[in-house]
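Colleague: Work out the full structure: start from the sequences and follow the hints.
For the protein sequence lines, the chains are D and H, in the order given. Letter 7 of the first sequence, counting from 1, is numbered 7 in my numbering, and no numbers are missing. Letter 77 of the second sequence, counting from 1, is numbered 77 in my numbering, and no numbers are missing.
Keep in mind that the hints were calculated from the coordinates and are not lab data.
Under 8 Å between C-beta atoms, here's a sample of chain H residues computed to sit facing chain D:
1. I16
2. G18
3. W51
4. V170
Which chain H residues stay away from chain D? Per the calculated CB distances, all over 12 Å, these:
5. E55
6. E58
7. A64
8. R78
9. V83
10. P84
11. D116
12. A191
Positions of the beta carbon are idealized from the N, C-alpha and C atoms, including for glycine.
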Amino acid sequence: MRLLDVNCAAIDGLLFRWYDGQLDGVEADVFEQHVLLCPPCQVQNGKLRTAMSALPAAARVPAPPGLVERLVALAGSEERG
Amino acid sequence: MSRYWKFLRAGRISPIAGYAWPPAGHWVEAEATRMCYQGVHSCRVTDLPYWLHDELWEVEYAGAVVETPFKVIGTRARLVAPVPAWTPGSAQEFGLACIARTAEHAGAELTGSGLDQLAARLAAAASGPSEELARTATELSESAGEPAAARMCGYVADAIEALRYGYPVVMVAFIAARIAAERSGTGSDAAERAWQSQWLATRLGLDPRPVV
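Modeller: Structural data, given as structure tokens:
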């Protein structure tokens, strides 16, 4: 992957993987370079960063009572079936 | 100990991850997938043109530093001091220097295509105000008659427009690198990036020699 070959559509595929730390060195450089160069992708990156930073708070919402037990029971019935 | 530098958004904010750096002297430590999403990144002199942004800081690392093609990465670092010579004014100077380089490359392509008169027109325009260069480059991008040369004249107009309308100066550097890569015949922009690095190091007074 070369920096000069990357366009905005290709960045879409890299965005989430960058935030998950899944890009290798070259891919990460290419992603970061493009975001620096491209105002629309900067905006997109900013929106994603805002959404990602809100996730930990959302994850602290407790599951409804009994959900875990129902899911376990469901998984068990599927195995038997 | 090697010297490193780091570009940040205004207010000591990392450009992509949005991490707010503490003031100079305070150590920060990166987890593998936090901080700047895999470690603390910074630049050698040769990396500077790729990462240009509002603020430039000298950076000190503790512990191992991994060198990658376009940056170095460590897990513990601190900002040492801002580089005072990196200002909106010197960024503008650098942008103008990159535009001049872009025009030189486009002129060389015109000459190489046998369009000597058009190359002379572009060179004459490049010695004057940027508005005149933009007009001439735009006109040549539409009329040069040789596709590669016409495209490169368009790059000149793009670079001027990018600087004029407040796009990040890193974009102007990229345009210059792109046209150089096309001219190189190998697709490599290494020589242009080396020129850019040297310009920045000289203008900003950056000493790449290790700290003793």
